[in-house]
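Mapping to UniProt numbering: the sequence shown position 109 is 109, numbers consecutive.
Think of the hints as simulated: they come from the structure by calculation, not from any bench. Quick caveat: nothing in here was measured; it's all calculated off a predicted structure. Mixed in with the good hints, there may be bad ones.
Said to hold, decoys possible - Calculated lysine-lysine pairs in the BS3-like style (CA-CA distance at most 25 Å, straight line):
hint : residue 1 : residue 2
1    : K123      : K33
2    : K62       : K116
3    : K130      : K83
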Amino acid sequence: DEAEAKDFTANFTITAKDPGNPTDPDNGTLTLKEVPSFNYGVLEASSIYSGFTGKAAQAEGKVLVSDTRLGTSDWTLTANMDKFTNSKTSLEGAALDLSAIGTLGEDFTGVIKDDKSPVELAKGNGSHGKDEFLISAENAKLTLGANPKA
Numbered sequence: 001d002e003a004e005a006k007d008f009t010a011n012f013t014i015t016a017k018d019p020g021n022p023t024d025p026d027n028g029t030l031t032l033k034e035v036p037s038f039n040y041g042v043l044e045a046s047s048i049y050s051g052f053t054g055k056a057a058q059a060e061g062k063v064l065v066s067d068t069r070l071g072t073s074d075w076t077l078t079a080n081m082d083k084f085t086n087s088k089t090s091l092e093g094a095a096l097d098l099s100a101i102g103t104l105g106e107d108f109t110g111v112i113k114d115d116k117s118p119v120e121l122a123k124g125n126g127s128h129g130k131d132e133f134l135i136s137a138e139n140a141k142l143t144l145g146a147n148p149k150a
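Whole structure, please, built from the sequences with the hints as guidance.
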């Protein structure tokens with residue numbers, strides 16, 4: 001039997017949450033200007049069936065937060081992920097492990113699982129301006145549990 005190629009995708013969502021009004025023009029803005037897209041290449045069927053740990057992305061990505069609000073307002077950045085799916089099936093047990101240091105000093109770290117639960121990745125430290133988190137390919141690792149029925 002010839003192996004059938006299957007394409008799977010997962011949605012990765014990053015949400016900036018601010019308790020105040022980040023779009024009030026008199027107070028400045030809090031904006032999520034850029035979010036990453038990670039490519040993990042083509043996976044062999046055996047990798048999907050048996051699972052794998054810590055596969056590095058093939059390219060780096062960047063998260064860019066711009067905070068021009070006045071005062072000591074802070075922000076929290078969370079992300080969640082859905083299961084990898086195609087038109088016929090979904091894969092179980094995926095997790096995305098991300099880490100970086102922001103240009104304004106914040107840590108950006110978390111393991112996002114495919115259960116849609118939000119994970120806090122970064123918090124503002126009261127500094128204002130553009131905070132850039134460059135996530136190298138080696139710091140964007142994907143793990144997938146065994147999916148023998150995929």
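Each hint, compared with the structure:
1. K123 to K33: Holds, at about 16 Å.
2. K62 to K116: It holds: about 21 Å lies between the C-alpha atoms, which stays within 25 Å.
3. K130 to K83: The given pair, whose Cα atoms are some 32 Å apart, is violated under the 25 Å limit.
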